[in-house]
Structure formats: C-alpha cells, structure tokens
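Student: Sequence:
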Amino acid sequence: YNPAWGKHSVPHQKTEGKVFPIVLVKDPYSWMNSMCRLPYGAHWDRRGDGSCPNLVRSNQTSSSERATYEVVVTRERERGEVLAAYPSLADFWSQWINGYLFRDQPRLIVRYEDLLFHAPTVGRLRKWRWYL
Numbered sequence: 011y012n013p014a015w016g017k018h019s020v021p022h023q024k025t026e027g028k029v030f031p032i033v034l035v036k037d038p039y040s041w042m043n044s045m046c047r048l049p050y051g052a053h054w055d056r057r058g059d060g061s062c063p064n065l066v067r068s069n070q071t072s073s074s075e076r077a078t079y080e081v082v083v084t085r086e087r088e089r090g091e092v093l094a095a096y097p098s099l100a101d102f103w104s105q106w107i108n109g110y111l112f113r114d115q116p117r118l119i120v121r122y123e124d125l126l127f128h129a130p131t132v133g134r135l136r137k138w139r140w141y142l
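The opening residue of the sequence shown carries number 11 in my numbering; numbering runs sequentially from there.
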C-alpha cells in the first residue's frame with residue numbers, strides 16, 4: 011500500500027487519518043546508484059559518462075561547462091507536474107529520510123541491509139504488538 015503522499019515523495023506533516031509508515035531504507039550511496047539505473051519520476055543530468063550519481067565533477071567536464079546536479083521530481087516519468095526540486099540527489103535522499111525520522115507519529119524504519127543480512131531477526135518484528 012502507498013501512503014497518501016506517494017511512496018516516492020517526501021512525506022509531509024499533514025495527512026488525513028492515521029498512518030503507520032513502515033519504511034525500508036537503503037544507505038545513501040546504494041540508493042543513489044539504484045536511482046541512476048531506475049530514476050522513477052526524478053530527473054537530473056545523468057550525462058551517460060559513468061559518473062552517475064555525480065558526487066564529484068568528472069575530469070572530462072571542462073571548467074567552463076556547468077554541470078547541474080539539481081533533481082526535479084515529477085508525478086509521471088514523462089516530466090509531468092513538478093512535485094519537488096532538490097539541489098542534488100544526496101539532498102533528495104536526505105530530505106526523504108528526514109521526512110520520516112522527524113515525524114511526530116509512530117513509524118518503523120528498517121534498513122535494507124538488515125533485511126538482507128538479518129532477515130530472521132527482522133521477521134520477528136511481526137510478533138510485536140503495535141499500538142498507535
């Protein structure tokens with residue numbers, strides 16, 4: 011199920027009804043590499059020179075050439091309605107996870123690596139009683 015604000019959007023504080031988000035999060039670098047392969051509704055300059063996620067300026071980029079790192083998130087893959095813009099892919103990840111970390115409501119955040127390497131332990135979470 012997707013939350014009211016969309017599964018790839020930064021959550022906002024005002025949501026209708028009670029929602030208990032269960033969030034699966036990757037470390038930032040792995041997430042950025044995944045976004046380079048399949049960017050969903052995010053659009054940015056991915057030059058195709060193997061430098062994605064563009065964390066540092068490529069040696070092949072001349073000093074006069076301005077590389078843009080701005081990420082624009084749209085509702086549809088074909089550059090539909092603009093939902094948000096971020097200075098970089100790292101800022102996108104940071105604001106997305108902070109939207110869950112600093113919410114004033116219960117949530118469960120599971121690291122992808124824990125699910126991958128400690129699946130039985132993570133699986134035991136289903137036995138806990140969750141109270142909203």
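Just so you know, these hints were derived from the structure itself, not from any lab.
Do not take every clue at face value.
[To be verified] In the EDC-like style, the derived pairs of lysine to aspartate or glutamate whose C-alpha atoms are separated by at most 16 Å in a straight line are:
| # | residue 1 | residue 2 |
| --- | --- | --- |
| 1 | Lys137 | Asp37 |
| 2 | Lys28 | Asp114 |
| 3 | Lys36 | Asp101 |
| 4 | Lys36 | Asp114 |
Student: All the hints need checking, so say for each whether the structure fits it.
Tutor: For each hint, the structure was consulted:
1. Lys137 to Asp37: violated, 26 Å
2. Lys28 to Asp114: Given that 16 Å is the threshold and the Cα spacing comes to 12 Å, the pair holds.
3. Lys36 to Asp101: Holds, at about 15 Å.
4. Lys36 to Asp114: violated, 22 Å
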